[in-house]
Amino acid sequence: MSASILKYQGALSALEPDARRKLLARTGESDALVASRVQALIARVRTEGDRALFDFAREFDRVELKALEVPRERWNAALESIPSEVREALTRAARNIARAHEAQRPQAIEVETEPGVVVGRRPDPLGRVGVYAPGGRAVYPSSVLMGVVPAKVAGVGEVIVCSPPGPDGLPSAGVLAAAALAGADRVFALGGAGAVAALAYGTQSVPRVDRIVGPGNAYVAAAKLQVVDAVAIDAPAGPSEILVVADASARPEAVARELLAQAEHDPEACCVALVVGASLAEAVRSAVEQQARVARRGDIVLSALGSRGAVLRIDSLEEAWPFVADFAPEHLLLATSKPSEDLARVRNAGTVFLGQCASVAFGDYLTGANHVLPTAGLARAYSGLSVLDFYRWTTWQRVTPEAAAAMAQDVGTLADSEGLFAHAAAARAWRVP
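The numbering of the sequence shown is my numbering, which starts it at 1 and goes up by one.
It is worth saying that the hints were derived from the structure and are not from the lab. We put the beta carbon where it would ideally sit given N, CA and C, even for glycine. A few of these clues could be false.
Claimed, not checked - The calculated label-pair distances, taken between Cβ atoms and stated as ranges, are:
id, residue 1, residue 2, range
1, 432, 102, 46 to 52 Å
2, 414, 394, 38 to 44 Å
3, 322, 236, 21 to 27 Å
4, 318, 398, 37 to 43 Å
5, 422, 157, 36 to 42 Å
6, 50, 421, 40 to 46 Å
7, 102, 50, 53 to 59 Å
8, 344, 253, 37 to 43 Å
9, 157, 414, 38 to 44 Å
Stated by the list, open to error - Result set (SDA-like, lysine to any residue): computed pairs, CA atoms no more than 25 Å apart in a straight line:
id, residue 1, residue 2
10, 7, 36
11, 66, 77
12, 338, 403
13, 22, 248
14, 338, 302
15, 338, 367
16, 7, 383
17, 66, 55
18, 7, 378
19, 22, 316
20, 22, 407
21, 338, 306
22, 22, 421
23, 66, 87
24, 22, 40
25, 338, 307
26, 338, 368
27, 7, 19
28, 7, 431
29, 22, 325
30, 7, 248
31, 66, 232
32, 7, 228
33, 338, 287
34, 338, 279
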């Protein structure tokens, strides 16, 4: 096996501008085509409602659905059917997710800006949210927990799960079991752009929601971006990605394991390591090759590494931080001797793992942190899913008669200066004669 399994290698400083741009952009040439197809699918759901969803199941999932909604007894049966060790692990994960997100609950605030003027802000749970759970190349019951548990912690009125149907017309047993365990209210056997459109606009069977969260493929991601006129979404998410920053304290085989763990998600996953020193960089590259040879999802791993895989040499950690900020990875692993100190240098990342023992796999499943994270550099502006995504804020103001009189003239002056004369009159009416 040659070194060509990695798309990029060598020194970071020697990376050609076009190669650097492609590595940072992480977009595909098919994005416009996907967006066009998604637009047509959404239009059909808005026009045809349930009929379009049944057609999509027949066309894309190759199954004839009898109903879109999955009865609760099927979830409960799935929960009973899964292996006991899987159920115990899911229970532990749900417990940790709840603990972590309970600590994030926001508080109401109230402040007196000047005598007699009080401004307040309170968090109100959303009425209904939709949680999307993938079901294509792999199924992710853990993603159900990551969406449903925080919503329940926030006090959302109704939580709806959508996941693609299998040959039996149902989402996977793991997804159904996780929905039951997490406390979802309803489950629909719906996938792809059709599910997103149904949640955003509503159909005869699927109620309209206030926010849609959860990862998905390129069609799901594109659909979420196209329905933001009707519904709130979490951070746009695409193929999985990881950036590892490693110094001499890192074990090459551990760095390689982290790259392969993300590469097995998707042929378009982006897996990059910045490694201090030529010898360690070569050791990491060699370890990646060795592990890729025996990877159980080898075709996917090799495709990802061949299209967006990189082991790049840096001279010092100082060289890493500007690239980290530009790359803004979904997952950032600091396999360094002082990761807690290095964390202070990080600004743009979906989530950061401190030290090589903090494998991304632990965060994907069990630490309690959320694994629904921004990708493709959007961590520059977006954060990972949290309990805050399941609230909206109500602000309010209280003004005493004395405070109204004190503000009347200045408000009138400002309103006049903007040509809003009715505003000025409404304020000056409170002046004391």
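These are the hints, each one checked on the structure:
1. 432 x 102: 46 to 52 Å: 49 Å, holds
2. 414 x 394: 38 to 44 Å: Violated - the Cβ-Cβ distance for residue 414 and residue 394, about 25 Å, lies outside 38 to 44 Å.
3. 322 x 236: 21 to 27 Å: 24 Å, holds
4. 318 x 398: 37 to 43 Å: Given a distance of about 52 Å, which is not inside 37 to 43 Å, the answer is violated.
5. 422 x 157: 36 to 42 Å: About 38 Å separates the Cβ atoms of residue 422 and residue 157, which means 36 to 42 Å holds.
6. 50 x 421: 40 to 46 Å: Cβ of residue 50 to Cβ of residue 421: about 52 Å, so the range 40 to 46 Å is violated.
7. 102 x 50: 53 to 59 Å: 37 Å, violated
8. 344 x 253: 37 to 43 Å: Since residue 344 and residue 253 have Cβ atoms about 28 Å apart, the given range 37 to 43 Å is violated.
9. 157 x 414: 38 to 44 Å: 40 Å, holds
10. 7 x 36: Since the Cα atoms of residue 7 and residue 36 sit roughly 29 Å apart, the hinted pair is violated (cutoff 25 Å).
11. 66 x 77: The given pair, whose Cα atoms are some 19 Å apart, holds under the 25 Å limit.
12. 338 x 403: 54 Å, violated
13. 22 x 248: Given pair residue 22, residue 248 is violated - Cα atoms ~28 Å apart, limit 25 Å.
14. 338 x 302: Distance of about 32 Å is beyond 25 Å: violated.
15. 338 x 367: 21 Å, holds
16. 7 x 383: 28 Å, violated
17. 66 x 55: 12 Å, holds
18. 7 x 378: Judged against 25 Å, a Cα distance of about 22 Å means the pair holds.
19. 22 x 316: Measuring from Cα to Cα gives roughly 23 Å; hence the hint holds.
20. 22 x 407: 55 Å, violated
21. 338 x 306: Outside the cut-off at roughly 31 Å; violated.
22. 22 x 421: Cα-Cα ~54 Å, so violated.
23. 66 x 87: 29 Å, violated
24. 22 x 40: Since the Cα atoms of residue 22 and residue 40 sit roughly 29 Å apart, the hinted pair is violated (cutoff 25 Å).
25. 338 x 307: The hint is violated at about 32 Å.
26. 338 x 368: 23 Å, holds
27. 7 x 19: Distance of about 10 Å is within 25 Å: holds.
28. 7 x 431: 72 Å, violated
29. 22 x 325: 16 Å, holds
30. 7 x 248: It holds: about 24 Å lies between the C-alpha atoms, which stays within 25 Å.
31. 66 x 232: 30 Å, violated
32. 7 x 228: With a Cα-Cα distance of about 35 Å, the restraint between residue 7 and residue 228 is violated, given a limit of 25 Å.
33. 338 x 287: Given that 25 Å is the threshold and the Cα spacing comes to 23 Å, the pair holds.
34. 338 x 279: Between residue 338 and residue 279 the Cα gap is close to 20 Å, so the pair holds against 25 Å.
Figure legend: structure checked against the earlier numbered hints; hints not met, in rising order: 2, 4, 6, 7, 8, 10, 12, 13, 14, 16, 20, 21, 22, 23, 24, 25, 28, 31, 32.
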